[in-house]
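**Student:** For reference, the chains in residue letters:
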Amino acid sequence: MSAPYTETQLDALRELANIASGTAATSLSQMLGHQVDMNVPMATAVPLANAVELVGDPADVVTGIILTVSGDLAALVVLLIHPTGVQTLSKLLAVEPETEVGDSALCEIGNIIGASYLNAISTMTGLALAPSTPTQINDLLGAIVESTLAATVAQDENVLIVDSQLQLPGESCEITFMLLPQQNSANNLLAPLGLAMGGV
Amino acid sequence: MGEMAISATPGAELVAIGLGSCVGLVLIDLRLSIAGLAHIVLPDSMGKDGPVAKFADLAVPALVESVLTAGAERRHLRAILIGGAQMFITGSTMEIGVRNTLAVRQALSYADIPIQSEDVGGSAGRTARVVVGREVSSQAVGGPRLSLLSPDASPSHGRGTATRMAVARDLTGGCAAAALACAVALALSGSIRI
Chain A
1 MSAPYTETQL DALRELANIA SGTAATSLSQ MLGHQVDMNV PMATAVPLAN
51 AVELVGDPAD VVTGIILTVS GDLAALVVLL IHPTGVQTLS KLLAVEPETE
101 VGDSALCEIG NIIGASYLNA ISTMTGLALA PSTPTQINDL LGAIVESTLA
151 ATVAQDENVL IVDSQLQLPG ESCEITFMLL PQQNSANNLL APLGLAMGGV
Chain B
1 MGEMAISATP GAELVAIGLG SCVGLVLIDL RLSIAGLAHI VLPDSMGKDG
51 PVAKFADLAV PALVESVLTA GAERRHLRAI LIGGAQMFIT GSTMEIGVRN
101 TLAVRQALSY ADIPIQSEDV GGSAGRTARV VVGREVSSQA VGGPRLSLLS
151 PDASPSHGRG TATRMAVARD LTGGCAAAAL ACAVALALSG SIRI
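Just so you know, the sequences run in chain order A and B. Using the numbering used here, the first residue of the first sequence is number 1, and each one after it goes up by one. Using the numbering used here, the first residue of the second sequence is number 1, and each one after it goes up by one.
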């Protein structure tokens, strides 16, 4: 059941995430009217025990925005934003943070990033992907990440984490976002690239 | 996630930061300063291998075995459950937290280990902290630290419908058992995060 990913497969997922998060950065930049940079995404398979710390400090209180993906790929898209980032984004969108309008604006950011990221993946792989409306939670990074892992990849011995970071130059704002395919669903991403795991 | 730690050193800390749908299972010996903490992720191994603390059905017997190996007495063992929240709803994978809690309770009942207290359910993440021989507590973001050993544990914080019961019981320090060789991490001092 547990899927050992080859370096070639991880490279392909990294490249997929690279292009997709580039698209997401462009969309976010248009929405905010501010330059958005991205770093080189990470696609890695790590033991479950090390997964949360790879994403961040479990004790940090962060805002998490979660989209459920259905269609040809079952997955979760998870955005994590630290409080300073929430302040910055709210300022750029001219909304008050921690109000109904502020929360809804953050969810809209989740929508834009998630939709453009998934669109790019869809274009590259030919998969039909349907994101849900976003859910927002403010809680411990550890609790958010472990719960999303438990709902997706935790059955596997080594869990696949595809994670990208967007930054706003000149502002302290970093958005981490992760694509967590449901167990065995990563194959749906790899198959159109000719890199499916054995038997598919 | 999916790990466990045991300590027979009075005052040593075992910590699981940010338990969401996962359940932190604490086993204590009411007489001796011996405690174990497992970070349980999923309810059922369905015959699979994996880190022994990952699945409730495997974690409970493994944690019991480990604290017994560290010198605890089975009849003095008590369990404390922390976590099992539902942080968000994702259609097909609802209620992992609830299923985790039920699976841990069931496995404890099967192992004949009474539950001392619980801070489970709701929608908030929690941090579980065990100070061996002294304290077991749970804390949600912005909430008070809830002592799950003291008699006056109050069931009045947290979001959602957390269920909580606390049974008054003093954890008398007692003598530290000799630290026996143990298959899992054995805390000799300081703080262990799992």
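Where hints are given, some of them may not hold.
Said to hold, decoys possible - Using 25 Å as the maximum straight-line C-alpha spacing, the simulated SDA-like pairs for lysine to any residue come out as follows:
1. K48/B x A49/A
2. K48/B x Q167/A
3. K48/B x Q106/B
4. K48/B x A196/A
5. K91/A x M31/A
6. K48/B x N184/A
7. K91/A x M197/A
8. K91/A x A115/A
9. K48/B x E174/A
10. K48/B x T133/A
11. K91/A x L54/A
12. K91/A x E157/A
13. K48/B x N188/A
14. K48/B x H34/A
15. K48/B x N187/A
16. K48/B x S185/A
17. K48/B x P192/A
18. K48/B x M31/A
19. K48/B x K91/A
20. K48/B x N50/A
21. K48/B x N158/A
22. K91/A x H34/A
23. K48/B x L58/B
24. K48/B x T176/A
25. K48/B x M197/A
26. K91/A x Q167/A
Bear in mind the hints are in silico, worked out from the structure with no lab data behind them. As the structure is a prediction and not an experimental result, all values here were calculated from the model.
**Student:** Could you work out which earlier hints the structure fails to respect and list their numbers in ascending sequence?
**Tutor:** 2, 7, 9, 10, 11, 12, 14, 17, 18, 19 and 24
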